[in-house]
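K.L.:
From first to last, the protein sequence lines stand for chains A and B. Okay, so the first sequence: first residue is 1 according to my numbering, each after it adds one. Okay, so the second sequence: first residue is 1 according to my numbering, each after it adds one.
Don't read these hints as lab results, they were simulated from the structure. In this text the structure is predicted, and so the values were computed from the model without any measurement. Cβ coordinates follow ideal geometry from the N, Cα and C atoms, glycine included. Take the hints with a grain of salt, since some may be wrong.
Stated by the list, open to error - With beta-carbon atoms standing in for the labels, derived distance ranges:
| id | chain 1 | residue 1 | chain 2 | residue 2 | range |
| --- | --- | --- | --- | --- | --- |
| 1 | B | S80 | A | L41 | 31 to 41 Å |
| 2 | B | S80 | A | D44 | 43 to 53 Å |
| 3 | B | T74 | A | W170 | 39 to 49 Å |
| 4 | B | M1 | A | D44 | 47 to 57 Å |
| 5 | B | T74 | A | T115 | 27 to 37 Å |
| 6 | B | S80 | A | G228 | 49 to 59 Å |
As the list claims (entries may be wrong) - Examples of chain A residues toward chain B, derived with CB under 10 Å:
| id | residue |
| --- | --- |
| 7 | R34 |
| 8 | L52 |
| 9 | D99 |
| 10 | V103 |
What the hints assert, rightly or not - Here are some, though not all, of the chain B residues that point toward chain A, as calculated from beta-carbon distances under 7 Å:
| id | residue |
| --- | --- |
| 11 | S11 |
| 12 | S14 |
| 13 | V47 |
| 14 | T52 |
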Amino acid sequence: MEEFWNMRGINLFSNLSSEQIEEVLKLAPPTSYRKGEFIFLAGDAADALYILQLGTVKVSYIALNGDEKVLNIFRPGDIFGELFLGKYRHRIGEAQALDDVIVFKMCEETFLSLTQRLPQVALNFIRHLADSQRETLARTHALMRADARYRLAGVLLSMTRRYCCTDSDWFELPGSVTQEDIANMAGLNRSTVSSLINELRRDGILGGAGRSLHINRYAIEALLEDVGLEVLE
Amino acid sequence: MKKTLVLYRGSLESDETVAERMLAWSNSQPNIEVITRSVHDDPAAVVLLGITEVPALTVEDRVIAQGSPEAWLTESFLRSLTHSIDC
Chain A
1 MEEFWNMRGI NLFSNLSSEQ IEEVLKLAPP TSYRKGEFIF LAGDAADALY
51 ILQLGTVKVS YIALNGDEKV LNIFRPGDIF GELFLGKYRH RIGEAQALDD
101 VIVFKMCEET FLSLTQRLPQ VALNFIRHLA DSQRETLART HALMRADARY
151 RLAGVLLSMT RRYCCTDSDW FELPGSVTQE DIANMAGLNR STVSSLINEL
201 RRDGILGGAG RSLHINRYAI EALLEDVGLE VLE
Chain B
1 MKKTLVLYRG SLESDETVAE RMLAWSNSQP NIEVITRSVH DDPAAVVLLG
51 ITEVPALTVE DRVIAQGSPE AWLTESFLRS LTHSIDC
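Okay, chain A solo, but in the shape it has when bound (with noise of 0.2 Å):
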């Protein structure tokens, strides 16, 4: 069964052999989502985890003064909406495809049954969990600075930290994450995160021109450093 090689790429599917990857696909076949449609959205029953193929999916919330937040923007190989797992059983937030997306939906009751019967799963889960603990905490510790700047620059790290995958010092974000959803991530505004861009590009720690961004790992790393923000890898 040599067509689910590409399926290890998927974290929760490391490790699997082929034929427990088809098994798995048996219990949650792909749906696909077009670019603003939402996957689902707060106040839904949260009764089942979602794994991303193909695509990006924004998850935020609406906060009480009207603005958006965003809590996390995932990408192929990610896993969102697994919190239901814990004692909250309703969406806090939304999930809305900024593309082409196509996910796997696992419903809970498929996911438990899973976990008793492919062990590996279930650790593949926790160190999912682990990481995302880990993420957060990352992230957190930016968001904590007053500094912009640095607020700024803890999100951008993040988000290369995930998605970067060649060992190239520079990563593009993708074009479907708007500035608007970076300053919603970081807590700060959109004009405060343009200019912020262009003075981070002048100092050659981001690249690219207009909507594409480049992000230097490295020098983002180095500048959060120097302010004494651990980095925390």
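Chain B: place on chain A using the hints.
P.N.:
For chain B alone, kept in the frame of chain A given last:
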């Protein structure tokens, strides 16, 4: 016998532009045909092929290029396709 390239595309306008360019190019290739498929018509195929970005170009169920067309849809790439398929 013609070799078939399958271009998987999303619903964005930029994907449509890539599809038009690939189809126009294939019209001048005696040994190559290009067909386009929407990822929304067959999500399972996208999963099995391991496509993580669109547009994605496949031949014989193998992904040979995917993602931002600026990175792969070049004259030299098309020439190399013609050459490899003719050989």
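K.L.:
Evaluate each hint against the coordinates.
P.N.:
Status of the hints after comparison with the structure:
no. : hint                          : result
1   : S80/B with L41/A: 31 to 41 Å  : violated, 46 Å
2   : S80/B with D44/A: 43 to 53 Å  : holds, 48 Å
3   : T74/B with W170/A: 39 to 49 Å : violated, 20 Å
4   : M1/B with D44/A: 47 to 57 Å   : holds, 51 Å
5   : T74/B with T115/A: 27 to 37 Å : violated, 46 Å
6   : S80/B with G228/A: 49 to 59 Å : holds, 50 Å
7   : R34                           : holds, 5 Å
8   : L52                           : holds, 9 Å
9   : D99                           : holds, 6 Å
10  : V103                          : holds, 9 Å
11  : S11                           : holds, 5 Å
12  : S14                           : violated, 9 Å
13  : V47                           : holds, 5 Å
14  : T52                           : holds, 4 Å
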